[in-house]
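Listed below, chain by chain, are the residues.
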Amino acid sequence: MAKEIERQGILVVHCCSIVPISMTVGGNRIIPTTGIPHPFGDPTETKIKDVIKEKETELNKKLSESEKTELEKKLKAEEPERELRVRREYVEATLKAMQTHIDQQTVFSE
Amino acid sequence: MLLEMGNIYIKDVKFGSKTGIVDGKFTINKKELSDYLKQQDARLRTVKAHLVKPGESTRIICVKDALEARVKVSGDKRGEGRMHAVKNMAVITCGQIVAYQEGIVDMSGPGAAYSPFSEIHNVALEIDVVSGLSQHEHEEAVRYAGLRTSGYLGQFVRDIKPDEIIAYNTGKSVSSNLPRIVYVYMVLTQGLMHDTYHWMGESWCNATEEMPRIVQPQFVLDNGIHSGNCVSACDKNTTWHHQNNPVIYKFMSEHGKTKNFVGVVLTNEPTKLAAKEASAAGAVKLARKLKADGVIITEEGFGNPEADLMMIVRGLEQAGIKTVLITDEYAGSDGASQSLADTTPEADAVVSAGNANEIIELPPMKKIIGPIKNLTKLAGAYPQSLKKDGSLVIELQGIVGATNQLGERTLSCREV
Amino acid sequence: MAKKKKFRIVHYLNNFFSGFGGEEAANMELKVIEGPIKVGKMVFQPALGETAEIVATIVRGDNGWTTKFIEKTTEQVISLIKKYNPDLVIAGPAFNAGRYGIGCGAIGKAVKEELGIPVVAGMYYENPAIDLYKQYSYIVRTSDNALTTKDDAEEMAALAVKLLSGQEVLPDQDNYIPRFRRNYFAGKTGAERAYEILDNKLAGKPRKTEYPMPEFDRVAPSEPIHDLSKVTVALVTSGGIVPKGNPDRIESSSAQKFGQYSIGGIDRLTAEAFQTAHGGYDPTYANADPHRVLPLDILRDMEKSGIIGKIHDLYYSTVGNGTSVGNSKRFGEEIGKLLVAAGVQAVIMTST
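Residue numbers (our numbering), protein chains in the order written: chain A, 644 to 753; chain B, 150 to 565; chain C, 3 to 354.
Bound-form chain A, shown alone:
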């Protein structure tokens, strides 16, 4: 769809998670986003496992169940603010891509 809209002369920025597909089909300005069910979000449920793994690697020990629960609670509490922040970052990146001259397909990742 993005390509067909652009074919008519309107600039399109494609925000998606599965960048390779956009590349193959021919999207020009591509912003990689968080994940399929929530491109402009960052919900706790889908990131908690990765966050736990990172923490365990950082501390070099396994977290107890109560520590995991605490971590999840903390992430959930800051979720609204975090998501707004992530969303703003993606939108800003999108607007930047709109203002950037490109000669070929470009993935705008930070």
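Since the hints were made in silico from the structure, they are not lab data. Beta carbons: idealized from backbone N, C-alpha and C, even for Gly. There may be inaccurate statements among the hints.
[Said to hold, decoys possible] Here are the simulated distance ranges between beta carbons:
hint, chain 1, residue 1, chain 2, residue 2, range
1, A, ILE745, C, PRO216, 54 to 60 angstroms
2, A, ILE745, B, PRO494, 22 to 28 angstroms
3, A, ILE691, C, ARG209, 42 to 48 angstroms
4, A, LYS719, C, ASP269, 22 to 28 angstroms
5, C, PHE218, B, THR407, 37 to 43 angstroms
6, C, ARG209, B, GLY224, 35 to 41 angstroms
7, C, PHE218, A, ARG728, 32 to 38 angstroms
8, A, ASP693, B, PRO494, 30 to 36 angstroms
9, C, VAL342, B, LEU535, 37 to 43 angstroms
10, B, GLY469, C, LEU149, 42 to 48 angstroms
11, C, PRO216, B, ILE363, 41 to 47 angstroms
12, C, ASN147, A, ILE745, 40 to 46 angstroms
13, A, LYS739, C, GLU73, 26 to 32 angstroms
Using the hints, position chains B and C against chain A.
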């Protein structure tokens, strides 16, 4: 590793007062089954069992999973020992819709050829849950009911002499001249109604974790994987499909004779790009570790998983490993559209499991098993029209197993 | 003994191949001649034998197929064809001729849609008409010049005979350009077929793929926006965000339509007023907060503070789950046209 599969072929299924098998006929006390399931899980409100036979004018709707009833007769480790399986029969879970796109099975008529379940006897469990459950809880309750039923019914063939015992043995040393083949087995892992579970250590693990991994084919045959996804019905692997994986059976039949089947690389289909790249690279690495000469890859689902599929193909081919992939197509109802969401020039050997967008008209059936009032909700799922006389015009997408990408059916697609 | 009925065929030729003239005759109006002429008489009719007879030859100058006249010409040709009540139409062969090819292709499409009878054409693989019309006719592969006319026309006639007698035809064996894809039961399971192909691949033997990889075209990137504070941005999504209740009943898979919805005066997408119709991903996140798919909240704030000029009052939504590429293309074209007419300069498209 040696796993013996003892197959008991059922001739008929009926309801009766004493559950058991006599002369190949399976009698089931449906109240005992329903009580057992409700006892095990308070989330189940009602469980109605129906018997469905091949050739009947019956349509099962809102199907969530299909499973083969089995019991482990001996062996502590998954993949070793002896398993008895009830053949020619499946357990099908259906009932209240959890989410869009749950599929149908027609036991006769033009739709029957598109599903393996029209060819065998089915114990269809229509399951309703208590109110107040989240969608995730609803899905889990129904899924576990299916697994428990498989085990509950399976126990009745523990002491039955199988009609055949087939040994799946990959332990014996195989001539080093035989080409080494590996099966790269992709399973869907994308959230509610889109998940898969594999046995890890002591329990079921969501396949978003601990993947990719190398397993022996016998692990898969020994109920190593079960399905937590059913949408869209045509290209999802029901648990029955995992238990009866035709690629594994085909590879095993050639093992030691013309090929050396060295292992299965189980891998997943994440939703985030970085995770996709990691899983794909991991799968390629494991295939190379197994020193594969050739690989068959099967995809589950469609759309974004094609990105994962193409990444794996690219990685394998660039490493000099010959690949063949099995995928279905979404070429539009006129067959004139681009079939896959992603492509790569290295994918030069493709088996097509059929175009899921092709339209079929299914005549009305005398009996419908499932929440009938939800048929109009099915109308939101895929282009479908329910005519006044009860006939359905739908895409093959809606039929359970129609374009299954393990290559279970003979359906294919070609240019005309 | 009853005489076997001969099938009726109408043949289309252009100005040059009908003998009326080259470029100077490209404007010639529609003409119909009873029976076959030129290649129709010399090659087609003998090759068709007793199976079929060419009852009429229709001729039009190539300029009848330019954008200005193509619709009218197609109508005229179809009405003429209908008069002869044929069982099949032969068009060309057009070799690599562009306008002639378009003419044959357009006739093929109209005949298929209105008469439902087969059309056999002949073109060189680079003829531009092929991509536009291949799904409607059986376009036999020819060379790029008329020196091979006899061979090419005989092949076209052979295909016509097969079609008329109800025999199965396939692109490879009958040498025509694949029209579209169709399911069939292959006799062996997919797993068995995959194993056979692998076996051949490992042994270095030739083997076929059941699906050749396609190539996608490219569109030149648009010029960047220089002044964001003046731009009108529209939102488009394939993530299926729709008003609660999905009033247009957009399908959760294989969408057949897109929706146009108003967000004029709406600052925030609430879970009460919006939902997702997409069946291909876990809907719980998007349903709880639609901004996770359509970031209207941030964009409105930016609009209010003057960072961007304006958010277009209408947004467009469809479901990108199992939606055929053909439909996606069509939606993109239509949405693009609507946005151009509305003066929108940029689109943020979100996919799940």
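Cross-check of the supplied hints:
1. Taken as a hint, the range 54 to 60 angstroms is violated for the pair ILE745 of chain A and PRO216 of chain C, whose Cβ atoms sit roughly 25 angstroms apart.
2. Taken as a hint, the range 22 to 28 angstroms holds for the pair ILE745 of chain A and PRO494 of chain B, whose Cβ atoms sit roughly 24 angstroms apart.
3. For ILE691 of chain A paired with ARG209 of chain C, a C-beta distance near 46 angstroms keeps the hint of 42 to 48 angstroms intact.
4. A hinted range of 22 to 28 angstroms for the beta carbons of LYS719 of chain A and ASP269 of chain C is consistent with their spacing of about 25 angstroms.
5. For the pair PHE218 of chain C and THR407 of chain B, the beta carbons lie near 39 angstroms from each other, so the given range of 37 to 43 angstroms is met.
6. The hint said 35 to 41 angstroms for the Cβ distance between ARG209 of chain C and GLY224 of chain B, and at roughly 39 angstroms that hint holds.
7. The given range of 32 to 38 angstroms is respected by PHE218 of chain C and ARG728 of chain A, whose C-beta atoms sit roughly 35 angstroms from each other.
8. Judged by the Cβ atoms, the range 30 to 36 angstroms given for ASP693 of chain A and PRO494 of chain B holds: they are separated by roughly 33 angstroms.
9. The beta-carbon spacing between VAL342 of chain C and LEU535 of chain B, approximately 38 angstroms, falls within the hinted interval of 37 to 43 angstroms.
10. Remark: the range hint 42 to 48 angstroms for GLY469 of chain B to LEU149 of chain C is upheld by a beta-carbon distance near 45 angstroms.
11. Checked against the given bound of 41 to 47 angstroms, the beta carbons of PRO216 of chain C and ILE363 of chain B, roughly 34 angstroms apart, lie outside it.
12. Checked against the given bound of 40 to 46 angstroms, the beta carbons of ASN147 of chain C and ILE745 of chain A, roughly 42 angstroms apart, stay inside it.
13. As the Cβ distance of LYS739 of chain A to GLU73 of chain C is approximately 45 angstroms, the hint placing it in 26 to 32 angstroms is violated.
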